[in-house]
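Peer 1: Listed here are the chains, written in short residue letters.
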Amino acid sequence: MTADRLAALPAIPRDADGPVFREPWEAQAFALAVRLHEACLFGWDEWAAALGAEIKAAQAAGDPDTGETYYLHWLAALEKLVAAKGAVTDAELADRKAAWDRAARATPHGEPIVLGRELQAP
Amino acid sequence: MGHDHPHDHDRQHDHDHQHDHHHGHDHDHDHDHDGSALSEVALRVRALESLLVEKGYVDPAALDALIETYETKVGPRNGARVVARAWSDPAFHAWLMQDATAAIASLGYTGRQGEHMVAVENRPGRHNMVVCTLCSCYPWSVLGLPPVWYKAAPYRSRAVIEPRSVLAEFGVTLPDETEITVWDSTAEIRYLVIPERPSGTEGWSEDRLADLVTRDSMIGTGLALPADAHPEAAA
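Chain order of the listed sequences is V and W. The letter at position 13 of the first sequence is residue 13 when you use the UniProt record's numbering, and the numbering goes up by one with no holes. The letter at position 53 of the second sequence is residue 53 when you use the UniProt record's numbering, and the numbering goes up by one with no holes.
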């Protein structure tokens with residue numbers, strides 16, 4: 001990650017050394033975008049534009065834009081961009097999200113959450 | 001989350017050398033009360049990541065490597081402030097040891113997951129370290145993102161079985177007579193290790209003390225830095 005590329009993004013939460021995250025999922029979403037760009041799924045300008053559009057739409061809808069919602073916009077932009085690129089469809093995402101939800105609910109605390117757990121015989 | 005579920009605060013693994021380490025590492029008796037629930041946004045990220053990995057767009061190891069780069073950048077590293085206050089303020093120290101959740105919350109640091117915090121204190125002859133043997137429960141609201149090794153199976157299993165050799169790999173050698181207690185986190189209880197205050201820090205401000213409190217020292221895989229390691233230590 002070069003500083004230039006980060007600077008191209010709208011107001012990414014950061015300190016002097018780089019980006020900062022409030023919760024682990026934010027870092028995961030950040031890493032996904034960076035690696036997908038490196039895999040040439042999209043250009044960085046394209047990504048900055050997608051993220052910017054998402055933030056602008058949220059602001060227009062009354063988002064206070066205090067930084068707390070930044071990675072929600074990041075994730076929404078990423079979901080849309082991977083769908084636009086044909087990498088993952090909306091339907092696949094919805095199905096997979098439901099599958100993770102079922103798997104999590106079927107997982108006693110302390111055990112790793114794995115897909116398909118709810119299908120396994122006890 | 002089953003908050004009415006009885007907690008056993010004393011569940012721990014003692015590791016003095018006279019002890020048989022194999023005393024039924026039984027989690028099920030207190031973990032079978034309900035399933036896990038992931039937040040809506042965590043589900044979305046998992047869905048996206050697992051599909052992209054399956055389809056070969058991203059390499060999970062490359063994702064982990066990038067996240068590891070930022071592991072000290074996730075969440076506020078408030079634990080060091082908590083430790084420095086405990087070292088400086090006897091009343092806060094007493095409160096922390098008695099009700100860590102409330103004492104930590106009084107500094108404005110509250111967990112998003114509603115976990116119950118317990119402070120465990122190192123002192124001569126007693127060392128504490130924290131693990132979550134089967135998953136990776138971690139008080140990230142005070143310690144930031146869990147380090148990759150904390151989530152790794154070798155740390156999780158070996159910390160309980162052979163804590164001394166795990167500590168040695170982290171560069172920590174304790175006197176033979178020091179008793180090591182390994183605390184196993186759960187969904188409801190997260191532990192914060194209060195490391196021993198380094199000598200030569202009498203009269204230091206809390207800010208300055210906090211600089212000596214490393215993340216690993218609050219997991220128990222490290223010690224607080226010595227006074228002369230402070231960046232502003234007199235040359």
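One or more of the hints may lead you astray.
In silico DSS-like cross-links for lysine-lysine, where the CA-CA straight-line distance does not exceed 27 Å [as the list claims (entries may be wrong)]:
no.: 1; chain 1: W; residue 1: Lys55; chain 2: W; residue 2: Lys151
no.: 2; chain 1: W; residue 1: Lys55; chain 2: V; residue 2: Lys80
no.: 3; chain 1: V; residue 1: Lys85; chain 2: V; residue 2: Lys56
no.: 4; chain 1: V; residue 1: Lys85; chain 2: W; residue 2: Lys55
no.: 5; chain 1: V; residue 1: Lys56; chain 2: V; residue 2: Lys80
Simulated restraints, written as ranges between beta carbons of each label pair [what the hints assert, rightly or not]:
no.: 6; chain 1: V; residue 1: Ala84; chain 2: W; residue 2: Thr173; range: 49 to 57 Å
no.: 7; chain 1: V; residue 1: Ala53; chain 2: W; residue 2: Gly108; range: 52 to 60 Å
no.: 8; chain 1: V; residue 1: Ala98; chain 2: W; residue 2: Met97; range: 27 to 35 Å
no.: 9; chain 1: W; residue 1: Met97; chain 2: V; residue 2: Asp45; range: 29 to 37 Å
no.: 10; chain 1: V; residue 1: Lys56; chain 2: W; residue 2: Ser39; range: 47 to 55 Å
no.: 11; chain 1: V; residue 1: Glu46; chain 2: W; residue 2: Pro124; range: 57 to 65 Å
no.: 12; chain 1: V; residue 1: Gln59; chain 2: W; residue 2: Glu162; range: 49 to 57 Å
no.: 13; chain 1: W; residue 1: Ala105; chain 2: V; residue 2: Asp45; range: 52 to 60 Å
no.: 14; chain 1: W; residue 1: Lys55; chain 2: V; residue 2: Asp45; range: 20 to 28 Å
None of these hints come from the bench; they were simulated from the model. Built from N, CA and C at the ideal position, the CB exists for glycine as well.
Peer 1: Each hint needs a verdict: does it hold in this structure or not?
Peer 2: We went through each hint and held it up to the structure:
Annotation: proposed proximity of Lys55 (chain W) to Lys151 (chain W) holds, straight-line Cα distance about 25 Å (limit 27 Å). For the hint linking Lys55 (chain W) to Lys80 (chain V), the alpha-carbon distance of about 17 Å falls within 27 Å, and the restraint holds. Restraint check for Lys85 (chain V) and Lys56 (chain V): the C-alpha separation of about 21 Å stays at or below 27 Å, so the hint holds. For the hint linking Lys85 (chain V) to Lys55 (chain W), the alpha-carbon distance of about 13 Å falls within 27 Å, and the restraint holds.
About 15 Å separates the Cα atoms of Lys56 (chain V) and Lys80 (chain V), which keeps this hinted pair within 27 Å; it holds. For the pair Ala84 (chain V) and Thr173 (chain W), the beta carbons lie near 55 Å from each other, so the given range of 49 to 57 Å is met. The hinted range of 52 to 60 Å is not satisfied by Ala53 (chain V) and Gly108 (chain W), whose Cβ atoms lie roughly 35 Å apart. At about 44 Å, the CB distance of Ala98 (chain V) to Met97 (chain W) disagrees with the hint of 27 to 35 Å.
Here the CB-CB span from Met97 (chain W) to Asp45 (chain V) is close to 54 Å, at odds with the stated 29 to 37 Å. For the hinted restraint 47 to 55 Å between Lys56 (chain V) and Ser39 (chain W), the CB-CB distance of approximately 25 Å leaves it violated. Glu46 (chain V) and Pro124 (chain W) have their C-beta atoms about 59 Å apart, which keeps the hinted 57 to 65 Å range intact. At about 54 Å, the beta-carbon gap between Gln59 (chain V) and Glu162 (chain W) stays in the expected band of 49 to 57 Å.
Checked against the hint of 52 to 60 Å, the C-beta distance between Ala105 (chain W) and Asp45 (chain V) comes to roughly 44 Å, which is inconsistent with it. Range check, Lys55 (chain W) to Asp45 (chain V): Cβ separation about 24 Å, and the 20 to 28 Å hint holds.
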